[in-house]
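Undergrad: If you read the protein sequences in the order shown, they are chains A and B.
Position in the first sequence counted from 1, then plus 7, gives you this note's numbering.
Position in the second sequence counted from 1, then plus 1385, gives you this note's numbering.
Note that these hints are calculated values from the structure, not bench results.
You can take every hint at face value.
Keeping only pairs whose Cα atoms sit at most 27 Å apart, straight-line, the calculated DSSO-like set for lysine-lysine is: (1) B/Lys1456 <-> B/Lys1487; (2) B/Lys1422 <-> B/Lys1407; (3) B/Lys1453 <-> B/Lys1443; (4) B/Lys1422 <-> B/Lys1479; (5) A/Lys16 <-> B/Lys1427; (6) B/Lys1422 <-> A/Lys16; (7) B/Lys1487 <-> A/Lys16; (8) B/Lys1443 <-> B/Lys1479; (9) B/Lys1487 <-> B/Lys1453.
Every beta carbon over 12 Å from chain B, so not counted as near; a handful from chain A, in silico: (10) Thr22; (11) Gly23; (12) Asn35; (13) Asp80; (14) Ser91.
Label-pair distances were calculated between CB atoms; the ranges are: (15) A/Asn72 <-> B/Arg1446: 41 to 47 Å; (16) B/Glu1400 <-> A/Ser91: 37 to 43 Å; (17) A/Ile61 <-> B/Glu1400: 43 to 49 Å; (18) B/Glu1468 <-> A/Ser74: 35 to 41 Å; (19) B/Gly1386 <-> A/Ser91: 19 to 25 Å; (20) B/Lys1456 <-> A/Gln24: 41 to 47 Å; (21) A/Pro90 <-> B/Val1405: 35 to 41 Å; (22) A/Asn72 <-> B/Glu1424: 29 to 35 Å; (23) A/Gln24 <-> B/Val1405: 43 to 49 Å; (24) A/Gly60 <-> B/Lys1453: 31 to 37 Å; (25) A/Gly103 <-> B/Lys1453: 21 to 27 Å; (26) B/Ala1455 <-> A/Gln24: 46 to 52 Å.
Each residue gets a CB set at the ideal place from its N, CA and C atoms; glycine is no exception.
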Amino acid sequence: NAGVTQTPKFQVLKTGQSMTLQCAQDMNHEYMSWYRQDPGMGLRLIHYSVGAGITDQGEVPNGYNVSRSTTEDFPLRLLSAAPSQTSVYFCASRTGTRRANEQFFGPGTRLTVL
Amino acid sequence: GENVEQHPSTLSVQEGDSAVIKCTYSDSASNYFPWYKQELGKRPQLIIDIRSNVGEKKDQRIAVTLNKTAKHFSLHITETQPEDSAVYFCAASKGWGGATNKLIFGTGTLLAVQP
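Could you put together the complete structure from these sequences and hints?
TA: Shown next, in the form of structure tokens:
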């Protein structure tokens, strides 16, 4: 299993540009989430999904869109990038099994918005 | 919504000493409390977790304690080693046994173990 994969690893955007961060998992996990990590602020939840076709907002959803058309994929879209969205983005997944709560994180995408 | 506070933000200990990191949460309905370790440039990885029906859990040199009444939980690392140096995050969720997937993290503690 590849686990949770993210592309790209690094990205530089100009203010106003749009892009999609890709996330995929091959563990058949129902739950997937996007976090952003900023110095001194920990990991903040952007959006999450409890299954294909179901998404909900996290702590900091503004400026981001998500969709979940398949179990495997959970892309994060930046509609009009702003310097405040410069961050490291982590995708995570976990099974919906009652006894297993561990979240598995992807390697991260480092995004810089100029 | 849930809010998780974590202290201290930085912690420096001598190799072999113990380290304690503390977190408080605001939502009394939270029932699952994991701890993640993140080494420099790497992804966070789960090191230990505890459910609200348990007061303490231990795994070798790592232990977690939970006080539901005070809404506190702590990570204890004994006999620290240089490879324990990393950022540690606590988190809280109402997700154990249910459909809620919202895991709220603390702001992290940078632990430095001096040889």
